[in-house]
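**Student:** So the sequences go chain by chain: A and B. Heads up: the first sequence is residues 1 to 161, going by this note's numbering. Heads up: the second sequence is residues 1 to 502, going by this note's numbering.
Some hints here could point you the wrong way.
Short derived list, chain A residues pointing at chain B, Cβ under 8 Å [claimed, not checked]:
hint, residue
1, M57
2, I69
3, K87
4, R126
In silico SDA-like links for lysine to any residue, alpha-carbon gap of 25 Å or less [unchecked claim]:
hint, chain 1, residue 1, chain 2, residue 2
5, B, K243, B, L184
6, B, K428, A, I21
7, B, K243, B, T122
8, B, K428, A, P104
9, B, K452, A, I21
10, B, K428, A, G72
11, A, K37, B, L456
12, A, K146, A, P104
13, B, K247, B, L374
14, B, K428, A, K37
15, B, K385, B, L193
16, B, K452, B, K247
17, B, K428, A, V66
Ranges between beta-carbon positions, derived for each pair [claimed, not checked]:
hint, chain 1, residue 1, chain 2, residue 2, range
18, B, K385, A, I55, 34 to 44 Å
19, B, I455, A, L11, 46 to 56 Å
20, A, W80, B, A8, 57 to 67 Å
21, B, D2, A, A97, 18 to 28 Å
22, B, E244, A, L150, 56 to 66 Å
23, B, I455, A, F28, 50 to 60 Å
Note that these hints are calculated values from the structure, not bench results. Here a beta-carbon is modelled for each residue, glycine too, at the ideal position from N, C-alpha and C.
One-letter residues, chain by chain:
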Amino acid sequence: MNNDTNVKLRLGNSELWGGLIGLALGGFVIWSGWRLKLGTINDPGSGYVLFYTGILMCVFAGAIIVSAITEGGPTLASRWENVRWSKPLVLIACLTAFAFALEPLGFLLSSIPLMLLLLRLIDPVRWTLAVPIAVLVPSGMWWVLKRLLLIQLPSGLFGIG
Amino acid sequence: MDTLVNVAHGFGIALLPVNLLYCFIGVFIGTLVGVLPGIGPISAMSLLLPVTLSGTPESGIIMMAGIYYGSMYGGSTTSILVNIPGEAASVVTCIDGHQMAKQGRAGPALGIAAFGSFAAGTFALVALMLVAPRLASLAIAFGPAEYFSLMVLGLVVLTFLTQGSMPKALLMACIGVVLGLIGLDSITAQPRLTFGRMELIDGIGLVPVVMGLFGVAEVLLNTEQTIKRDVINTRITHLLPSKEDWKASAGPVGRGTILGFFLGILPGGGAVVSSFASYALEKRLSKTPERFGHGAIEGVAGPESANNAAAGGAFIPLMTLGIPPNVVMALLLGAFVIHGLQPGPLLITQNPGLFWGIVASMYIGNVMLLILNLPMIGMWVQLLKLPYNILFPLIILFTILGVYCSSNNVFDVYVMIAFGIIGYFMRKLGYEPAPLVLAFVLGPMMENNLRKSLILSQGDLWTFVQRPISGACLALALVLLIAPLLPSLRKKRELVALDEGA
Numbered sequence: 001m002n003n004d005t006n007v008k009l010r011l012g013n014s015e016l017w018g019g020l021i022g023l024a025l026g027g028f029v030i031w032s033g034w035r036l037k038l039g040t041i042n043d044p045g046s047g048y049v050l051f052y053t054g055i056l057m058c059v060f061a062g063a064i065i066v067s068a069i070t071e072g073g074p075t076l077a078s079r080w081e082n083v084r085w086s087k088p089l090v091l092i093a094c095l096t097a098f099a100f101a102l103e104p105l106g107f108l109l110s111s112i113p114l115m116l117l118l119l120r121l122i123d124p125v126r127w128t129l130a131v132p133i134a135v136l137v138p139s140g141m142w143w144v145l146k147r148l149l150l151i152q153l154p155s156g157l158f159g160i161g
Numbered sequence: 001m002d003t004l005v006n007v008a009h010g011f012g013i014a015l016l017p018v019n020l021l022y023c024f025i026g027v028f029i030g031t032l033v034g035v036l037p038g039i040g041p042i043s044a045m046s047l048l049l050p051v052t053l054s055g056t057p058e059s060g061i062i063m064m065a066g067i068y069y070g071s072m073y074g075g076s077t078t079s080i081l082v083n084i085p086g087e088a089a090s091v092v093t094c095i096d097g098h099q100m101a102k103q104g105r106a107g108p109a110l111g112i113a114a115f116g117s118f119a120a121g122t123f124a125l126v127a128l129m130l131v132a133p134r135l136a137s138l139a140i141a142f143g144p145a146e147y148f149s150l151m152v153l154g155l156v157v158l159t160f161l162t163q164g165s166m167p168k169a170l171l172m173a174c175i176g177v178v179l180g181l182i183g184l185d186s187i188t189a190q191p192r193l194t195f196g197r198m199e200l201i202d203g204i205g206l207v208p209v210v211m212g213l214f215g216v217a218e219v220l221l222n223t224e225q226t227i228k229r230d231v232i233n234t235r236i237t238h239l240l241p242s243k244e245d246w247k248a249s250a251g252p253v254g255r256g257t258i259l260g261f262f263l264g265i266l267p268g269g270g271a272v273v274s275s276f277a278s279y280a281l282e283k284r285l286s287k288t289p290e291r292f293g294h295g296a297i298e299g300v301a302g303p304e305s306a307n308n309a310a311a312g313g314a315f316i317p318l319m320t321l322g323i324p325p326n327v328v329m330a331l332l333l334g335a336f337v338i339h340g341l342q343p344g345p346l347l348i349t350q351n352p353g354l355f356w357g358i359v360a361s362m363y364i365g366n367v368m369l370l371i372l373n374l375p376m377i378g379m380w381v382q383l384l385k386l387p388y389n390i391l392f393p394l395i396i397l398f399t400i401l402g403v404y405c406s407s408n409n410v411f412d413v414y415v416m417i418a419f420g421i422i423g424y425f426m427r428k429l430g431y432e433p434a435p436l437v438l439a440f441v442l443g444p445m446m447e448n449n450l451r452k453s454l455i456l457s458q459g460d461l462w463t464f465v466q467r468p469i470s471g472a473c474l475a476l477a478l479v480l481l482i483a484p485l486l487p488s489l490r491k492k493r494e495l496v497a498l499d500e501g502a
C-alpha cells in the first residue's frame with residue numbers, strides 16, 4: 001500500500017471510521033441496557049446482557065481505533081479503487097426504490113420494473129431478452145405462489161397481483 | 001444391536017416416497033447452488049426455510065440437510081471447470097482441480113471429487129450414528145453454565161478463524177448478540193430495542209438477516225466486478241479415475257475424511273477450514289510438493305473429502321447439544337424451531353424417528369448425489385454458461401420472495417434490503433458477517449443460560465470456572481483470544497483464517 005492509500009490519523013482512514021461507528025453503537029447499547037435496568041447479579045434484569053455487551057463493543061471498537069491510529073489503514077477511496085463502484089450504487093438505488101414501491105404498487109407492478117432495471121442498468125442484457133425475462137419471471141413466480149401455494153403477495157392500491 | 005434397529009427404523013422413514021422426494025429436491029438444489037457461483041447453501045437454505053412448513057418436520061429437515069451436503073458436492077464442479085468456487089468450501093479445489101481440467105483431465109478431477117465426497121460423506125454418517133447418541137447421553141448432564149461456556153467457545157473459535165482482524169470479528173459477534181436480543185425479554189417480557197415498532201416485538205427474523213448479509217450483499221459485491229467465466233469447453237470423458245489416480249488419492253481421501261470430520265464437530269469450525277487444512281496436510285506429506293498447484297490429484301481428493309466429512313460432522317453439536325457450530329447449522333436449527341422441535345440431548349430419545357430418519361436420508365442423499373454429479377455433469381456444465389447479468393436479477397427476485405414468504409410481512413423485505421446494504425459496506429471495510437449471524441442465533445440462548453446460571457448460583461461467577469466442562473471451554477476460549485497477541489500464533493492464524501461467509 002502506498003502513502004495515499006494507507007493513512008494514520010486522517011479523516012479518510014476507513015479503519016478509524018469503522019472503529020468510531022462501532023464505538024458509537026457500543027455507547028448506544030450501554031445506554032439502552034442501563035435504561036432497561038441491570039438488576040442484580042443474583043437476578044439479572046432485562047438490560048444486564050445488553051449493558052455488558054455494549055462495554056465489550058466499546059473495548060473492541062477501541063482496539064480497532066488504536067490499531068487504525070498506530071498502524072494506519074486504507075483510505076475510504078482505496079476500498080473502491082479499480083472496481084465498478086457505480087454499479088452497486090445503482091443496485092442499492094433500485095432496491096431502495098423497490099422497497100418504497102412494494103406496498104403501494106403491489107408485487108407485480110414493483111417487481112417487473114425492478115427486474116427490467118437490473119437487467120438493463122448493471123451489465124445490459126439486450127432488450128429482446130430483458131423484457132420477456134422481466135415480465136415472465138415475476139409473473140410466473142406470482143402465479144405459482146398465489147395460485148398453487150396460496151400465498152398472498154402484496155397487491156397494492158390498484159389491487160393488481 | 002440397538003444402533004442397527006434404529007438405523008432400520010430410520011430407513012423406514014427415509015424411504016417413504018414423500019421423504020425421498022424431499023431428499024432429492026434438497027440434493028438437487030444443493031448441487032445447483034453449489035455449481036452456481038454467487039449463491040451458496042446459506043442463501044438457498046434461507047430461501048427454502050418457509051417451504052419446510054408445508055411438510056412434516058422430517059421432510060423439511062431432510063431437504064435442508066440435503067441442500068447443505070449437496071452444495072459441498074456441487075461446489076467442486078465450478079471450481080474444476082471454471083476456476084470460480086461455487087461456494088467457500090471449494091475455494092481450495094480451484095488450485096489443482098482447474099489445472100487438471102486445463103491439462104485435459106477434467107474427468108478424473110470431477111470423478112475423484114465425487115467419489116472422495118461419497119466416501120467421506122458415508123464415513124461421516126457412520127461416525128455421526130455412533131457418536132451422536134453417546135454424546136447426547138453425556139450432554140444430559142450439561143447445565144446452563146456449560147451451555148453458556150460452550151456457546152462462548154463456539155463464537156470465539158469462529159472469530160479466531162474469520163478472515164481479518166480479531167477485534168473486528170469480535171465486534172461483529174457482539175453486534176450479533178445485540179440484534180438477537182431485540183424483541184421481548186424471554187424472562188420479564190419487557191420489550192428491548194423495539195423503538196416502539198410492533199414489527200420488532202418478536203425480534204428480527206433470521207431469514208431476512210441472513211438473506212441480506214449473504215445473498216444481497218454478495219450480489220452487490222459481485223456487480224462491482226466483471227465476472228468472466230472461462231468454462232472448459234472440451235468434452236468431459238473418463239470420469240472414472242485410473243488405477244494410478246486411485247492409488248494417489250486413497251491416502252488423501254482417508255486423511256481428509258478423518259480430519260474433516262473432527263474439524264466439522266468443533267464449534268466455529270466447518271467445511272471451509274477443513275478443506276484448507278487438508279490441502280496443507282497433503283502438501284506437507286507429499287514427496288513431491290512442487291506438483292501442488294500444477295494439477296496434483298491429491299489436491300482435489302483431500303479437500304473435497306474433508307469438506308464433505310465436515311458437513312456430516314457439523315450435525316453432531318446441533319443434534320446432541322442443540323448448539324449450531326456454524327451459520328448453516330444455525331439455519332437448520334431455525335428449521336427445527338419452526339416445527340416446534342428443540343435439537344439437543346433429548347431429541348434422540350424423545351424423537352428417535354426424526355433423528356434416525358434424517359441420518360438414513362443422508363445415506364440415500366449421498367447415493368443420489370453420486371448419480372447427479374457424474375452422469376449428469378453435462379447438464380451442470382451447460383448451467384455454468386448462464387451469464388451472471390441474467391442470474392443476479394433472478395437471485396434478487398428469489399431472495400425478495402423467499403423473505404416475504406417466510407413471514408408474509410413486507411417489513412422483513414425492508415429488513416433484508418437494509419441488511420444487504422449494511423453487509424455490503426461491512427464487507428468492503430473488512431468486517432465478516434459470519435460471526436454476526438452465529439451470535440445472532442446464539443445470543444438469546446447465551447443470555448438465557450447466563451441469567452439462569454447466575455440465578456441458580458446466587459450470583460456466584462465462579463460457577464462458570466468451577467464446573468469442569470464449563471471451565472475448560474472458557475479456558476480454551478481465553479487461549480484463543482490471547483493467541484493473536486503473540487506474533488508467532490498471529491501468523492499461524494492468518495494462514496488458517498478464512499472467509500467463511502463467501
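**Student:** Determine for every hint whether it applies to the structure shown.
**Tutor:** Now for the hints, and whether the structure bears them out:
no., hint, in the structure
1, M57, "holds (5 Å)"
2, I69, "violated (13 Å)"
3, K87, "holds (4 Å)"
4, R126, "violated (10 Å)"
5, K243/B <-> L184/B, "violated (62 Å)"
6, K428/B <-> I21/A, "holds (15 Å)"
7, K243/B <-> T122/B, "holds (22 Å)"
8, K428/B <-> P104/A, "violated (33 Å)"
9, K452/B <-> I21/A, "violated (32 Å)"
10, K428/B <-> G72/A, "holds (17 Å)"
11, K37/A <-> L456/B, "holds (20 Å)"
12, K146/A <-> P104/A, "holds (19 Å)"
13, K247/B <-> L374/B, "holds (20 Å)"
14, K428/B <-> K37/A, "violated (36 Å)"
15, K385/B <-> L193/B, "violated (46 Å)"
16, K452/B <-> K247/B, "violated (55 Å)"
17, K428/B <-> V66/A, "holds (20 Å)"
18, K385/B <-> I55/A: 34 to 44 Å, "violated (53 Å)"
19, I455/B <-> L11/A: 46 to 56 Å, "holds (48 Å)"
20, W80/A <-> A8/B: 57 to 67 Å, "holds (59 Å)"
21, D2/B <-> A97/A: 18 to 28 Å, "violated (60 Å)"
22, E244/B <-> L150/A: 56 to 66 Å, "holds (57 Å)"
23, I455/B <-> F28/A: 50 to 60 Å, "violated (28 Å)"
In summary, the structure is inconsistent with hints 2, 4, 5, 8, 9, 14, 15, 16, 18, 21 and 23 from the numbered list given earlier, while agreeing with the others.
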